[in-house]
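Q: Residue numbers (UniProt numbering), protein chains in the order written: chain A, 1 to 94; chain B, 1 to 94; chain C, 1 to 94; chain D, 1 to 94; chain E, 1 to 94; chain F, 1 to 94; chain G, 1 to 94.
It should be emphasised that the hints constitute simulated quantities derived from the structure, not laboratory data. Model, not experiment: these values are computed from the prediction. A hint or two may mislead.
Some, not all, of what chain F presents toward chain D, calculated at C-beta under 7 angstroms [stated by the list, open to error]:
no. : residue
1   : P21
2   : T24
3   : V39
4   : V80
5   : C82
6   : E84
7   : R85
In silico negatives: residues of chain C with every beta carbon more than 10 angstroms from chain B [stated by the list, open to error]:
no. : residue
8   : M1
9   : L12
10  : V42
11  : E61
12  : S73
13  : D88
Where is the CB? At the ideal position from N, CA and C, for every residue including glycine.
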Amino acid sequence: MAPITRLVLDVLKPHDPGVVPFTTQLGDLECVDAATATVVEVDETVKTLRVTLEGDDLDLEAVREEIQDLSASIHSIDQVACGERTVDDPLLGY
Amino acid sequence: MAPITRLVLDVLKPHDPGVVPFTTQLGDLECVDAATATVVEVDETVKTLRVTLEGDDLDLEAVREEIQDLSASIHSIDQVACGERTVDDPLLGY
Amino acid sequence: MAPITRLVLDVLKPHDPGVVPFTTQLGDLECVDAATATVVEVDETVKTLRVTLEGDDLDLEAVREEIQDLSASIHSIDQVACGERTVDDPLLGY
Amino acid sequence: MAPITRLVLDVLKPHDPGVVPFTTQLGDLECVDAATATVVEVDETVKTLRVTLEGDDLDLEAVREEIQDLSASIHSIDQVACGERTVDDPLLGY
Amino acid sequence: MAPITRLVLDVLKPHDPGVVPFTTQLGDLECVDAATATVVEVDETVKTLRVTLEGDDLDLEAVREEIQDLSASIHSIDQVACGERTVDDPLLGY
Amino acid sequence: MAPITRLVLDVLKPHDPGVVPFTTQLGDLECVDAATATVVEVDETVKTLRVTLEGDDLDLEAVREEIQDLSASIHSIDQVACGERTVDDPLLGY
Amino acid sequence: MAPITRLVLDVLKPHDPGVVPFTTQLGDLECVDAATATVVEVDETVKTLRVTLEGDDLDLEAVREEIQDLSASIHSIDQVACGERTVDDPLLGY
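Isolated chain A (complex conformation) (with noise of 0.2 angstroms):
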């Protein structure tokens, strides 16, 4: 299977854990070299963050149970880049 390098995903999370250790959670699964988190909204109960993975082969299913076992859950996934290297979409930029 073609490794997966990127993901962004739209995240829904409880106010609590706080974005601070659900990012560092994140970024400490083995498959995340690197992990960002931008909190794009903050509603009553929920934020919701963009939350960018990077690595040499991201592993869906780890990063899906971990921001599980973090009361949140992925709202959708907004990108998904694949292969020897991490090619941008050239008409959206990024």
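Use these hints to put chains B, C, D, E, F and G onto chain A, whose structure you have.
A: Relative to chain A, chains B, C, D, E, F and G alone:
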């Protein structure tokens, strides 16, 4: 024939298979070095993906067959680049 | 004659041949190092393509003939660059 | 734990201490390599600062305590990056 | 005299000669290293071109004469750069 | 104390001294490596300048005194960066 | 005195001399390494130019005199940079 080095496709995909297995299946094609899929629209029964493929010599027919095997279809081809290097369109910026 | 290093063309093309064989045929011309075609408009019977060609010494007549052989026509020439290097227009950004 | 490499914080700060001692105090924390504070809003009694901190292993609690010692408070955490390198969110451009 | 290294010209050109021979003729001038012409407006009898010329020591009179020999005329000079290197206008971005 | 590496100031300055002697006087301060002043607003009796100062260890008090000696005043401090390197705010782009 | 490394000037110039001799005369000043003039407005009797000058140690008085000798005048000074290197204003992007 001048080898195709980049294809940007608009793809209609049912919700199943998901965007991750869809993208990695394309990335598994021998001619594909890197594949990136970005979800640009979500409707009730289908998702519209922008799919960017790069390689040294992309095989459109192999790509099209794989997409059909994944129950999806190429809605349109948005950009094709071929030759010994990849040139961007200077007026569009990509 | 100063060699032409870049041509940006607006091309009208019937739906057949498709944009992929159209682009690779242009890329096959001896004078063309790289060819990129982007679909910018789709009408009932024709597609409008922006075609960017780069090479060390592009031959406009060979390009025009090939485009005609492919049942298409150059609607307009949007940019021409020539000389020992390619300079962008600083006020337009390309 | 995956080390935190970047924190972007929204901070509410009374007018005293000023933004310069505030920023240098944060920069003095052992875990902080670089700190940048930008004033984004000025109200009668408080200033809203965007604070970006980078380091090899940022300690959120040390940062939070220092901010409280400076009579200010973290209003929200806007972005967290962790891992062996820092990845930007490709869809947001940062 | 400080050598002129870049000229950006607004040129009015009848439809004949075409933009390709027009640009290569300018590129043939001994003082011109690179010439790029972009079509910015098309009227019934004339085209408006933005022409960017770069060289080590551009000769405005030779350029003007060549443009007149090509039945065209300089409508305005939009930018001139001279000196031992080319500096962009930092407030305009070019 | 973490050394200040960049200060961005909003300065109100009477028309005399002019922006050139004003900037070079700031540039003469021992702690200042580079100073750039941009005029952002001109009123009847004052000019508003955006002043960017960079150095290895900027001394705010020396800067403030010099500005006062030049009959001007710091209206606000817009950005402060300190530490062993200068980090931009990724969400603001600077 | 900290040497001036960049000056951005708004200049009002009668139509004669033209922008090319005007710019090259400025480029001829011993303190000027590079001069770029961009026409930003054309009125009946004057042109407004944005003039960017760079050098190791620009001499404002020599620049002003030369501009007056060319029948033009400095309408305003938009930016001044001085010091051992040139720093851009991070909030304005230049």
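Q: All hints are to be evaluated individually against the structure, with a verdict given for each.
A: Going through the hints against the structure:
no., hint, result
1, P21, "25 angstroms, violated"
2, T24, "23 angstroms, violated"
3, V39, "20 angstroms, violated"
4, V80, "4 angstroms, holds"
5, C82, "4 angstroms, holds"
6, E84, "5 angstroms, holds"
7, R85, "5 angstroms, holds"
8, M1, "22 angstroms, holds"
9, L12, "17 angstroms, holds"
10, V42, "7 angstroms, violated"
11, E61, "19 angstroms, holds"
12, S73, "19 angstroms, holds"
13, D88, "7 angstroms, violated"
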